[in-house]
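Every letter in the sequence shown is one number past the one before it in UniProt numbering, and letter 147, counting from 1, is 147.
What the hints contain is simulated information worked out from the structure, not anything from laboratory work. In this text, all values refer to a predicted model and were calculated from it rather than measured experimentally. Ideal Cβ positions, reconstructed from N, Cα and C, are used throughout, including at glycine. Just so you know, not all the hints are guaranteed correct.
Straight-line C-alpha distance at most 25 Å; calculated BS3-like pairs for lysine-lysine [unchecked claim]:
1) Lys155 <-> Lys143
2) Lys600 <-> Lys255
3) Lys158 <-> Lys207
4) Lys525 <-> Lys577
5) Lys183 <-> Lys144
6) Lys143 <-> Lys84
7) Lys143 <-> Lys158
8) Lys430 <-> Lys493
9) Lys71 <-> Lys659
10) Lys221 <-> Lys156
11) Lys255 <-> Lys143
The calculated label-pair distances, taken between Cβ atoms and stated as ranges, are [stated by the list, open to error]:
12) Leu596 <-> Asp112: 39 to 47 Å
13) Ile265 <-> Ser234: 17 to 25 Å
14) Val37 <-> Leu166: 31 to 39 Å
15) Asn453 <-> Asp651: 56 to 64 Å
16) Glu270 <-> Val132: 39 to 47 Å
17) Lys200 <-> Gly636: 18 to 26 Å
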Amino acid sequence: MSDCQTIYDLDNHQINECNLKAPEGTENIVNNEVELVIIEEPVEKFRFRYKSEMHGTHGSLMGSSSERSRKTYPTVELRGYSGKAIILCSLYQTDSLTPTAHSHRLIVRNGDVDLCDPHELTVSPEEGYRAVFQGMGIIHTAKKHVVDELNAKMKKDKMMETGAPLTPCDEMQIKANAGRIAKNMNLNQVCLGFKAFAVKDDRTLTKLCAPIFSRPINNMKSALTGELKITRLSATVSSAAGGDEIFLFVEKVAKKNIKVRFVEIDNDEEEVWEGWGEFSEADVHHQYAIALKTPPYKDKNIDHHISVFIQLVRPSDNDRSEPLSFRYKPRDIVTSRKRIRMNSTTYNNSSVLPVLPVAGEVNFNNAQTINIEYDDSYMSMLAPYEFPLEVKDGIGSKPARSEQHVERSLSLVARCRPPYIYQILMIDGKYGDKNAEFAKQMILDIFDAACNNECDVIQTAIRTDDREIMNKLLNLIDKFQLNEVLQYQNERKETCLHTVCLFDKPQYIRPLINLGANPNLTDNKGNTPLHIAIEENLIMCVNGIIDSQNYTQTRIGLIIDCANDEGLTPLHLAVMKNNQQIVELLLKPGKASTKLCVSKTGNNALHLAIERNLVPIVRYLLEYTSINVNESNLAGFTPLGLANSMDNVSDEIVRLLLKWGANEGDAKISHSQEKRYERLRGADSMGTVEITSSDDEDDDDEESKCDAFNVSYLNNLERIGKRN
1 MSDCQTIYDL
11 DNHQINECNL
21 KAPEGTENIV
31 NNEVELVIIE
41 EPVEKFRFRY
51 KSEMHGTHGS
61 LMGSSSERSR
71 KTYPTVELRG
81 YSGKAIILCS
91 LYQTDSLTPT
101 AHSHRLIVRN
111 GDVDLCDPHE
121 LTVSPEEGYR
131 AVFQGMGIIH
141 TAKKHVVDEL
151 NAKMKKDKMM
161 ETGAPLTPCD
171 EMQIKANAGR
181 IAKNMNLNQV
191 CLGFKAFAVK
201 DDRTLTKLCA
211 PIFSRPINNM
221 KSALTGELKI
231 TRLSATVSSA
241 AGGDEIFLFV
251 EKVAKKNIKV
261 RFVEIDNDEE
271 EVWEGWGEFS
281 EADVHHQYAI
291 ALKTPPYKDK
301 NIDHHISVFI
311 QLVRPSDNDR
321 SEPLSFRYKP
331 RDIVTSRKRI
341 RMNSTTYNNS
351 SVLPVLPVAG
361 EVNFNNAQTI
371 NIEYDDSYMS
381 MLAPYEFPLE
391 VKDGIGSKPA
401 RSEQHVERSL
411 SLVARCRPPY
421 IYQILMIDGK
431 YGDKNAEFAK
441 QMILDIFDAA
451 CNNECDVIQT
461 AIRTDDREIM
471 NKLLNLIDKF
481 QLNEVLQYQN
491 ERKETCLHTV
501 CLFDKPQYIR
511 PLINLGANPN
521 LTDNKGNTPL
531 HIAIEENLIM
541 CVNGIIDSQN
551 YTQTRIGLII
561 DCANDEGLTP
571 LHLAVMKNNQ
581 QIVELLLKPG
591 KASTKLCVSK
601 TGNNALHLAI
611 ERNLVPIVRY
621 LLEYTSINVN
631 ESNLAGFTPL
641 GLANSMDNVS
651 DEIVRLLLKW
661 GANEGDAKIS
671 HSQEKRYERL
681 RGADSMGTVE
691 ITSSDDEDDD
701 DEESKCDAFN
711 VSYLNNLERI
721 GKRN
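Whenever a hint applies, use it, and build me the whole structure from the sequences.
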C-alpha cells in the first residue's frame with residue numbers, strides 16, 4: 001500500500017467532502033453530447049523515478065509541444081456541459097482494449113508531501129472548462145509491490161463506480177484480478193486516464209461521459225522503451241576500408257535489441273548509403289557502452305573525406321537516436337599513391353640524366369664538368385653539405401618533439417639535399433630559358449621522386465632553415481608555376497605548411513600561401529597547419545595563417561573551423577591549451593565560430609573552458625562573443641550543469657554564467673547547493689582579470705625575425721603578388 005497522502009478519504013468514501021455515491025442509472029453517461037477532449041498530449045518519453053530518487057526537485061510531466069521558452073502540460077477540455085464539474089487524472093495501462101489502473105503512482109508534490117493519484121481539477125463556467133495538470137511526476141513501483149499497489153487502485157476505482165463500500169466478495173475478486181494483471185503488466189509504459197464528474201447540490205458525483213486516455217508515455221530510462229542517445233564517442237573518423245574500433249557511451253540499451261547505423265545523406269536529403277556497425281552482445285557493456293567496428297564505406301578508394309551520420313537503432317520499435325556527425329577518410333594506400341607522377345609521357349628521362357641518382361650516390365667531383373654554366377654561387381650550393389651539430393629549437397616548440405624532428409631532419413638532409421636540389425638547379429640552368437615546358441615537367445618529376453623517397457625538397461629546406469636555398473626554390477616554383485608541389489604530403493600527410501609550424505618558421509608562411517600552398521590540407525590525424533601551430537602555442541605561426549592579407553583572390557582561402565580526427569576545431573584546441581591570446585585572434589569578427597561543438601562529446605568552447613576552470617577565457621567568451629550559454633552537450637549538460645557537477649569549479653565561473661543568463665532549471669542544482677547559488681546570484685563582479693603573456697618579448701623578437709626575412713627575401717618575390 002502507498003504511504004503517501006491521497007485526495008481520497010477512503011473511510012468516509014469522499015473526494016474533498018463530495019460523496020462518491022452515483023445516482024442510480026447514471027453510472028455511465030448522463031448526456032450523450034458531453035465529452036472530454038485531449039488538447040495537449042503528454043510527452044512520449046519521461047523518466048519514471050523510484051521513491052528513493054525523489055529527494056530534491058525533479059522535472060515534471062510536460063506537454064508534447066512544450067519548449068524551453070513556452071512550457072505546456074497535459075490538458076483536457078470538457079465540452080457540451082454547462083455546470084460545475086471535476087476532472088480526475090490517473091495512471092492506466094496501455095496494452096489492453098479496456099485500460100485498467102497501473103501500479104505506478106502519479107504524484108504531485110505539495111510542500112514536503114507527495115499526493116497520489118487520482119488528481120482532481122475543478123472546471124466551471126466561471127473558471128473555464130480546460131483542466132491543465134501541472135507538476136506531476138511518475139513513481140516507479142518495484143516488482144515486489146506491484147500487486148499491492150494495483151489492488152489498492154482497483155479498489156478505489158470500484159468504489160467510484162458503485163458509490164458504496166466493497167463487499168468481501170468484491171475484495172476477493174479484485175485481489176485475484178490484480179494478481180493476474182500484474183503478471184503481464186508493462187512497467188515501462190503508462191498512459192494518463194481522464195474522467196469527468198458533475199458535482200450536484202447534494203454533493204454527490206455523477207459521471208458525465210466516457211473516460212479518455214492519452215497516448216503512451218514511455219520510461220525514458222528503460223532499455224526497452226527509453227530514449228536512445230549517444231552521449232560520447234571515442235572517435236568520429238574511420239578509414240574508408242572500415243574495421244576501425246570505436247567505443248560509444250550511450251543511455252541505457254538492451255544488448256539483444258540494439259544496432260548502430262551509419263548513413264549518408266545527399267544534398268537532396270535522400271539516403272544514398274547505409275552500413276551497420278559490427279559488434280556482438282558481449283560488446284554491449286552494462287547497457288551503457290558499445291564497442292564496435294565500423295563498416296566499410298561503399299567506395300573504399302575515396303580520395304577525400306566523406307561526411308556521414310551515426311545513430312542507434314532499436315529493432316523492436318524502430319526507434320532511433322539523434323544522428324551525430326561522422327566522417328570517412330581515404331585509406332593510407334590511396335593517399336600515398338596519389339602523388340606518384342613518374343613515367344611522364346611528355347619526355348624521355350634518359351635524355352637528360354641516364355639514371356636519377358639515389359641518395360648518397362652523387363659524384364660531386366664531377367659537378368663542375370657536368371654543369372660548367374653554373375656560377376660560383378650555384379656551385380657552392382652543390383658542394384657536400386655539413387649540417388650543424390647544434391640546432392636551435394623553435395620558439396614555443398616542445399623539446400622532446402623538436403629533438404625527434406631534428407634527428408630525423410639530419411638523416412633526411414644528409415641524403416636529400418645534394419642530389420635532388422642539384423638536379424633541379426641543373427635543369428633550370430640548362431633548359432629553363434630554352435624550353436620552359438620541358439624543364440617544368442622534368443623538375444616536377446624530380447620533386448615527385450624526392451617525395452616518393454620520403455624526402456620532400458621544400459619540407460627539407462624548411463627544416464634546415466636554409467634561407468638561400470628556400471628563396472631559390474620559391475622563385476623556381478613561381479617561375480614555372482609549380483604550385484602543386486606545395487601540396488605534396490609526406491608519409492604522415494604533412495605539407496610544407498605543417499612543417500613550417502612544426503619547426504616554428506613563421507617567416508615562410510606568407511610566401512608559401514602567396515604561391516598557393518593550401519592551408520586546409522590535413523595530416524594523418526586530421527590536423528591542419530593551424531591545429532599544429534596552436535598545439536605548439538606558436539602565436540606568430542597562428543597569426544600568419546589567419547592573416548587575411550596573406551591570401552589573394554586567386555589562392556585557396558583558409559577554412560578556420562576545420563575539425564581534426566578528435567573532433568576539435570582550432571578554437572576548441574586553443575581553449576584546451578589555455579591560450580587566451582590565440583583564442584582572441586581566432587575570434588576576431590568574421591573568423592572562428594563559437595557555435596561548433598566537439599563531435600565526440602558535444603562540448604562547445606564554453607564547456608571546454610569550464611572543464612579546465614579557465615575563468616579569464618570563460619569571461620571573454622561570455623562578454624565578447626555570442627556563444628550559447630545554455631547549449632547542452634551530448635550527455636545533456638549545459639555549461640552551468642557541467643559547472644554544477646564539478647567539485648572544484650570557481651565561484652566566479654558560476655557567477656558569470658548566472659549573470660549571462662544560464663538557465664538554472666537545466667543545471668540539476670541539488671538542495672545542498674541552493675545557498676551557494678543564492679549567494680552568487682547577487683554577487684558583485686570580481687573585476688576584470690588582466691592577461692599578460694610571459695612570451696611577449698619573445699614574440700617581438702620573432703616578429704622582427706619574420707619582418708627581416710620578408711624584406712630580404714620577399715623583395716625577390718614581389719612580382720608574385722602583382723601577378724596574383
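Okay, the hints, checked on the actual structure:
1. Lys155 <-> Lys143: 19 Å, holds
2. Lys600 <-> Lys255: 22 Å, holds
3. Lys158 <-> Lys207: 14 Å, holds
4. Lys525 <-> Lys577: Since the Cα atoms of Lys525 and Lys577 sit roughly 18 Å apart, the hinted pair holds (cutoff 25 Å).
5. Lys183 <-> Lys144: Holds, at roughly 11 Å.
6. Lys143 <-> Lys84: 40 Å, violated
7. Lys143 <-> Lys158: 23 Å, holds
8. Lys430 <-> Lys493: Not satisfied, since the Cα-Cα distance of roughly 33 Å exceeds 25 Å.
9. Lys71 <-> Lys659: 23 Å, holds
10. Lys221 <-> Lys156: 29 Å, violated
11. Lys255 <-> Lys143: 22 Å, holds
12. Leu596 <-> Asp112: 39 to 47 Å: Because 45 Å falls inside the window, the suggested range holds.
13. Ile265 <-> Ser234: 17 to 25 Å: Since Ile265 and Ser234 have Cβ atoms about 23 Å apart, the given range 17 to 25 Å holds.
14. Val37 <-> Leu166: 31 to 39 Å: 32 Å, holds
15. Asn453 <-> Asp651: 56 to 64 Å: Roughly 59 Å apart at Cβ, these two residues keep to the hinted range, so it holds.
16. Glu270 <-> Val132: 39 to 47 Å: Check passed, 42 Å falls within 39 to 47 Å.
17. Lys200 <-> Gly636: 18 to 26 Å: 49 Å, violated
Consistency with the previously given hints fails for numbers 6, 8, 10 and 17, ordered from lowest to highest.
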